[in-house]
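In order, the protein sequences belong to chains B and W. Residue 155 in this note's numbering sits at position 155 of the first sequence; the count goes up by one each step and never skips. Residue 165 in this note's numbering sits at position 165 of the second sequence; the count goes up by one each step and never skips.
Simulated from the structure, these hints should not be mistaken for laboratory data. Model, not experiment: these values are computed from the prediction. We put the beta carbon where it would ideally sit given N, CA and C, even for glycine. Do not rely on the hints blindly, as some may be mistaken.
Simulated DEER-style distance windows between Cβ atoms [claimed, not checked]: (1) W:136 - B:175: 38 to 48 angstroms; (2) W:197 - B:225: 34 to 44 angstroms; (3) W:40 - B:235: 26 to 36 angstroms; (4) B:235 - W:42: 44 to 54 angstroms; (5) B:115 - W:210: 28 to 38 angstroms; (6) B:69 - W:210: 49 to 59 angstroms; (7) W:40 - B:138: 16 to 26 angstroms; (8) B:229 - W:94: 50 to 60 angstroms; (9) B:70 - W:205: 50 to 60 angstroms.
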Amino acid sequence: MARYILGRLAGLVFVLLSVSFLTFFLMYNTPGGPFDEINQPLSPEAKANMMRKYGLDQPFYVNWWNWITKAVQGDFGISYYYPNTRVIDLFSKYWGSSLMLGFLSVAWSFPLGVVLGVIAALKRNTIVDQIITTIALVTVTVPIISLIFFGIAIFVIGLKWFGFNNGQPLYQQPPNAWVLPAFIFGLGTVGALARYTRSGMLDVLGQDYIRTARAKGLSRAVVIMKHAMRNMLIPLVTVFGPVLANAITGSTFVEIAFAIPGIGRFFLESIYTRDYPVIIFTVIIAATMLTISNLLIDIAYTLIDPRVRLGGGH
Amino acid sequence: MAAQNPPVQGASSVHAAARGAIYEYKPLSPAQLAWRRFRRNRLAIVGLIIVLIFVFAGVCAPLVSPFPYDRTNLFKTWLPPGRDPAHVLGTDELGRDILSRLIWGARVSLVVSLAATGIVVSLALLFGFLSGYFGGVWDYALNRMFEVIGALPGLLFQILLMLLIGNGVLQVTVAISILGWPGLARLVRAQVLTYKERDFVSAARSLGATTAFIMVRHLLPNIINPLIVAVSFAIPGFIAAEAGLSFLGYGINDPLPSWGKMVGAIGRYLSSPNYLYVGVIPTVALALLVLGFSFLGDGLRDALDPSSDRARL
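Produce the entire structure from the sequences given, and follow the hints as far as they go.
Right, here's the structure in full:
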């Protein structure tokens, strides 16, 4: 177990080095730079000075390596656009809104998706099943920008139930500001979970031990709750990681549409101002969250289900 | 496959073939069987029709669109649908005909998603074959690439890439396909691993078949069905990705229309419900096309993989 985790952590280091290298390559080769003011351009000498100050006269791989050596010491640099502000401070300012949006959306969509999936499986081939599977398919496939537009058109402009955000952090706002974004953002998860649960439940219900339990005379309710549900829930652990990672890092469209000051929106602003330290930090944080959540899920999976062996069975 | 032949008791396969010849019994080909199963699924037929309509609109865009997509008319801005018979779906803030932009948007959407599918399938077949068949270094390399690409935050990375290579149809296609292939490559790899040690492959090899021959004649036919199903579910994802990037302004270049761009452009005018139709129309089209493809995909899965649970519906 310890050896496996160490191996995976080594893999994580490789992944983060590659991701940061790719990001530096893209950033530094992109047309335009952080000190290309259009309205009040710097004099060439001043600009060259700034570039030298931040090491931008060096090739990207030199900057990448400098960044790595500082990052391992916990120093992620200061923002170009907001001078004298640490990237971490800026990030933590916007972090809360994204975190809240992600947790809210998962909190309602994950349980609902599981319940709908179980109902669909139990009522298989009935009209209930067909309605649930169709709704699930629609919420999974319709792009988030369509869902957002429908949501705004119906609930904000048509019914006037909700408003847009006023730019303050989400957690300082009344429910009026976060109910609709959390609802729209969670829709895709409901559908995905319902589909996943339904097929998992059908698999379990077709197993011999379910038939045995029924044959022993146990009631349908007991068999479903004690035998089927437990085994159906195990594979759900594997989806929880990606769902959570997406919930925290994937809300860019919702943040843009509802003017929520979250990480996704801040990332787009930083791209606009070519604020390299912020860009690389956001990408690395998102990549770390994705990989670590996958690792934790794999470990949790073996703890729940002893049949699963880590690392190809040695 | 054996199930297609009529049960012939006590007869060797030679006799069975002879009887088939006498009674002129024609077994259905796998494709015919799949089409039969597909036809029974009403939703899949609806999906197919939706997709065909959009494909027709996209292919014939220069012929069927009433106006050029970039023709502005500042005397006829913000015409609601149905007000002017010349502009059936109305006009936008610059007086451009929305129907024409919708039709050209379908073309853009389909070109990007289908081209991305082509790229993704080629990469997946190439790397899936190499790592599944030869293993070793190829397997290791594929796994590392899979890990790195899987860890990239998709949208953020695509935006960075688009900044570097610039807006455009080809660029969007590249940006969305680069992150999309490892999953399919793993699928191909798994299929290759399943079949490469089977007797029919060993037999072919012992008869002197080359690796390329085995890949094309023996392994590819066994990969193609799951691949088709996976691809039909990937296409809606590509359509959504293109629309999303264009929505944010990092997608299709002006003046070419894109549904995502049309939805994004309405953001400034959301204060008045009178302008909503400009956003509603491309949003509905986007949802329809994506749903069409996934209904089609569901039908294809049931038709091509009868063991999947939906086939029993």
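Quick rundown of the hints versus the structure:
Roughly 57 angstroms separates the CB atoms of residue 136 of chain W and residue 175 of chain B, a value that falls outside the hinted 38 to 48 angstroms. At roughly 42 angstroms, the beta carbons of residue 197 of chain W and residue 225 of chain B sit within the given window of 34 to 44 angstroms. The given range of 26 to 36 angstroms is respected by residue 40 of chain W and residue 235 of chain B, whose C-beta atoms sit roughly 30 angstroms from each other. Separated by about 31 angstroms at the C-beta atoms, residue 235 of chain B and residue 42 of chain W break the suggested range of 44 to 54 angstroms.
A C-beta distance of roughly 54 angstroms is found between residue 115 of chain B and residue 210 of chain W, which places it outside the suggested range of 28 to 38 angstroms. A C-beta distance of roughly 51 angstroms is found between residue 69 of chain B and residue 210 of chain W, which places it inside the suggested range of 49 to 59 angstroms. Between residue 40 of chain W and residue 138 of chain B, the C-beta spacing of about 22 angstroms keeps the proposed range 16 to 26 angstroms intact. Separated by about 57 angstroms at the C-beta atoms, residue 229 of chain B and residue 94 of chain W satisfy the suggested range of 50 to 60 angstroms.
Checked against the hint of 50 to 60 angstroms, the C-beta distance between residue 70 of chain B and residue 205 of chain W comes to roughly 55 angstroms, which is consistent with it.
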